[in-house]
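Student: Protein sequences, first through last, are from chains A and B.
Just so we're aligned: the first sequence equals residues 1 to 290 in this note's numbering.
Just so we're aligned: the second sequence equals residues 291 to 627 in this note's numbering.
Hints were generated in silico from the structure; no laboratory data involved.
These stretches of chain A come out as covered by chain B in the derived footprint (C-beta under 8 Å, 3 or more residues):
(1) 30 to 41
(2) 93 to 106
(3) 110 to 120
(4) 227 to 236
(5) 271 to 278
Here are a few chain A residues that face chain B, going by a calculated C-beta distance under 10 Å:
(6) Leu84
(7) Phe88
(8) Pro223
(9) His262
(10) Pro263
(11) Ala264
(12) Ser267
(13) Met268
(14) Gly284
Computed far set for chain A versus chain B, every beta-carbon distance over 12 Å:
(15) Leu127
(16) Arg144
(17) Val153
(18) Ser193
All C-beta atoms, glycine included, are put in the ideal place defined by N, C-alpha and C.
Chain residues, written in single-letter form:
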Amino acid sequence: MTLNLIIEQVLNGCQLGVMLFMMSAGLTLVFGIMNLINLAHGSLYMIGAYVAASVLAATGSFLLAVLVAVPAAAAVGYAVDRILLRHFYRRSHLDQTLATFGLILAANELVRMIWGATPLAMPLPSLLAGSVSLLPDLQYPVFRLVVLAVGLVMAGVLYVLVTHTRGGMWVRAGASDRTMAAALGIDVSRVFSVVFVAGAALAGLAGVMAGPILAVQVGMGEPILILALVVVVVGGLGSIRGAFVAALLIGLGDTFGRVLLHPALGSMAIYVIMAALLALRPGGLFPSHA
Amino acid sequence: MLDNSQQTTLRPSASWSGQQSLRRLAPVIILVGLLALVPVLAEGLEQPFLIRVFTRVVVFAIAAVSLNIVLGVAGLVSLMHAALFGLGGYTVAILAEHGTTELLVLVPAAVLGSGLAAAVFGLIALRTTGAYFIMITLAFNQMFFYFFVALERYGGEEGLQVFAPLDLAGMALGGRTTIFYLCLAVLLAVLVAGTRLVDSRFGMVIRAAAGNDRRVSSVGIAPLSYRLAVFVIAGAVAGLAGALLVVSQTFISPAEMSWVRSGDLIVMVVLGGMATVWGPALGAVVFLLLELLLSALTIHWQLPFGIIIILLVLFLRDGLANLIGALRSGDGGRGHD
Numbered sequence: 001m002t003l004n005l006i007i008e009q010v011l012n013g014c015q016l017g018v019m020l021f022m023m024s025a026g027l028t029l030v031f032g033i034m035n036l037i038n039l040a041h042g043s044l045y046m047i048g049a050y051v052a053a054s055v056l057a058a059t060g061s062f063l064l065a066v067l068v069a070v071p072a073a074a075a076v077g078y079a080v081d082r083i084l085l086r087h088f089y090r091r092s093h094l095d096q097t098l099a100t101f102g103l104i105l106a107a108n109e110l111v112r113m114i115w116g117a118t119p120l121a122m123p124l125p126s127l128l129a130g131s132v133s134l135l136p137d138l139q140y141p142v143f144r145l146v147v148l149a150v151g152l153v154m155a156g157v158l159y160v161l162v163t164h165t166r167g168g169m170w171v172r173a174g175a176s177d178r179t180m181a182a183a184l185g186i187d188v189s190r191v192f193s194v195v196f197v198a199g200a201a202l203a204g205l206a207g208v209m210a211g212p213i214l215a216v217q218v219g220m221g222e223p224i225l226i227l228a229l230v231v232v233v234v235g236g237l238g239s240i241r242g243a244f245v246a247a248l249l250i251g252l253g254d255t256f257g258r259v260l261l262h263p264a265l266g267s268m269a270i271y272v273i274m275a276a277l278l279a280l281r282p283g284g285l286f287p288s289h290a
Numbered sequence: 291m292l293d294n295s296q297q298t299t300l301r302p303s304a305s306w307s308g309q310q311s312l313r314r315l316a317p318v319i320i321l322v323g324l325l326a327l328v329p330v331l332a333e334g335l336e337q338p339f340l341i342r343v344f345t346r347v348v349v350f351a352i353a354a355v356s357l358n359i360v361l362g363v364a365g366l367v368s369l370m371h372a373a374l375f376g377l378g379g380y381t382v383a384i385l386a387e388h389g390t391t392e393l394l395v396l397v398p399a400a401v402l403g404s405g406l407a408a409a410v411f412g413l414i415a416l417r418t419t420g421a422y423f424i425m426i427t428l429a430f431n432q433m434f435f436y437f438f439v440a441l442e443r444y445g446g447e448e449g450l451q452v453f454a455p456l457d458l459a460g461m462a463l464g465g466r467t468t469i470f471y472l473c474l475a476v477l478l479a480v481l482v483a484g485t486r487l488v489d490s491r492f493g494m495v496i497r498a499a500a501g502n503d504r505r506v507s508s509v510g511i512a513p514l515s516y517r518l519a520v521f522v523i524a525g526a527v528a529g530l531a532g533a534l535l536v537v538s539q540t541f542i543s544p545a546e547m548s549w550v551r552s553g554d555l556i557v558m559v560v561l562g563g564m565a566t567v568w569g570p571a572l573g574a575v576v577f578l579l580l581e582l583l584l585s586a587l588t589i590h591w592q593l594p595f596g597i598i599i600i601l602l603v604l605f606l607r608d609g610l611a612n613l614i615g616a617l618r619s620g621d622g623g624r625g626h627d
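Using the sequences and the hints given, assemble the complete structure.
Tutor: Okay, here's the thing in structure tokens:
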């Protein structure tokens with residue numbers, strides 16, 4: 001394996017990692033605060049991608065596609081939470097799993113009815129479509145670098161919001177002990193609503209970013225959801241810091257697993273990582289609940 | 291965490307005797323008896339494809355009944371049951387590809403393979419509880435799924451066809467009717483064994499641990515080893531169901547072991563009712579017939595199907611078996627039977 005190939009794969013792995021972080025940040029906080037398993041989180045990612053593909057096809061502006069798709073995913077997330085999921089905060093995990101499973105089936109079919117069964121293409125504007133030369137003999141697509149940058153900026157923004165603001169303090173307090181936080185006068189359910197919508201927006205943004213790289217198709221949310229769940233489990237439920245570290249670990253592990261090993265084994269690499277880590281630390285890398 | 295209405299009435303193992311056992315088995319006998327009429331009716335109505343449809347129903351009923359031992363009795367929400375089911379199927383298909391056609395070898399191999407996988411991955415997953423357990427079993431399910439998708443040697447994403455005719459004890463396996471009754475006999479055996487298991491001392495510990503783990507530990511029983519045993523037994527039976535799937539349709543593809551299939555199995559269990567051993571078998575029948583009906587009405591059947599699942603969780607939490615029980619006795623349907 002040459003040095004160039006290693007650098008390229010490290011960049012690919014980090015890019016997958018930041019995408020996974022955008023997916024798992026919402027997932028882990030929603031679980032941490034409300035004890036809610038939302039399997040339909042991947043559907044918000046799919047909706048973000050589809051709305052962006054439509055806007056891009058109509059206007060040709062990628063920026064406009066982002067500006068419409070992200071609020072659209074947030075709005076859908078808000079509606080789903082208010083109409084359906086709020087009935088499930090206090091229900092068992094089995095009920096939550098089943099209800100959001102039904103939601104995935106319905107969401108996939110709705111998208112198929114609106115946009116059709118054939119995958120959509122998201123052609124990039126010329127500014128983002130080319131490659132740049134990072135090193136002699138190392139060409140890397142501009143858009144992938146943009147995804148990496150967006151992901152890192154989002155991680156930075158989230159870090160500052162969660163660790164250095166009053167609102168972030170409420171979020172952390174809610175995630176580590178909801179009852180105690182509520183007793184101290186924090187309106188936990190409002191904090192949760194904000195977190196849920198922000199998580200939906202991030203999932204939508206991840207969908208927009210994935211659109212040009214992967215195919216925009218029905219069911220695209222499920223593979224990334226499973227990876228995001230692995231991230232959440234490895235990082236520790238409710239921990240943003242854990243999600244970030246785990247997302248990079250899983251992103252790199254998945255990328256190198258596929259390059260270095262037989263495909264059948266490479267696809268198992270991250271699950272082996274997960275199993276090994278859980279055998280050592282059943283609560284994840286950074287458990288937020290004591 | 292789990293609706294523990296079924297854990298509140300612990301029966302001693304002595305209840306397995308005489309009249310009471312007959313009463314407890316009555317729904318099983320009625321259900322299997324009705325299913326046994328299917329080939330006769332199908333031939334009479336000149337709709338022989340129904341035999342194949344119902345063979346699939348019976349196979350999934352076996353898988354759902356085995357999942358309920360984990361889900362309803364032990365209170366563990368496992369999303370890797372489809373993987374263990376599919377693993378059984380692949381064991382049969384791959385061995386058949388290499389020239390083994392004797393069911394008396396193939397089926398035990400599938401049972402052993404799935405049981406072993408359940409032991410290894412159950413041991414890891416059972417270190418965790420609650421939401422972690424759900425997510426980890428989901429991840430393990432997809433690990434198996436992607437493994438078989440990437441396994442080009444055995445068909446990859448396209449799946450694997452069994453071309454060799456299979457034998458049972460040296461004799462050629464008959465037509466679809468024979469295979470249907472073979473599967474139905476297995477379902478009956480699994481239902482009877484399941485009822486005995488739940489009523490046994492072993493089953494009582496499992497139910498007690500689902501209700502209050504700490505109390506079980508404090509009387510000197512290690513719940514983990516019991517849970518693992520249940521997980522392995524259920525996994526082995528799932529492998530048996532997967533083997534029968536391949537025997538009946540001579541084909542297996544990774545789609546049969548995707549996590550969506552695990553979700554389907556959980557819906558069957560909850561739809562039928564977790565509080566009885568036979569409820570999930572009824573759930574499988576209703577689920578697959580509903581799927582067939584909706585997909586005949588519209589290509590967009592998954593939309594009403596998803597909505598039905600959500601409504602089921604909201605309003606029919608105790609399942610059909612309980613609804614039947616409530617209608618029959620008018621006691622509110624909260625009992626264990």
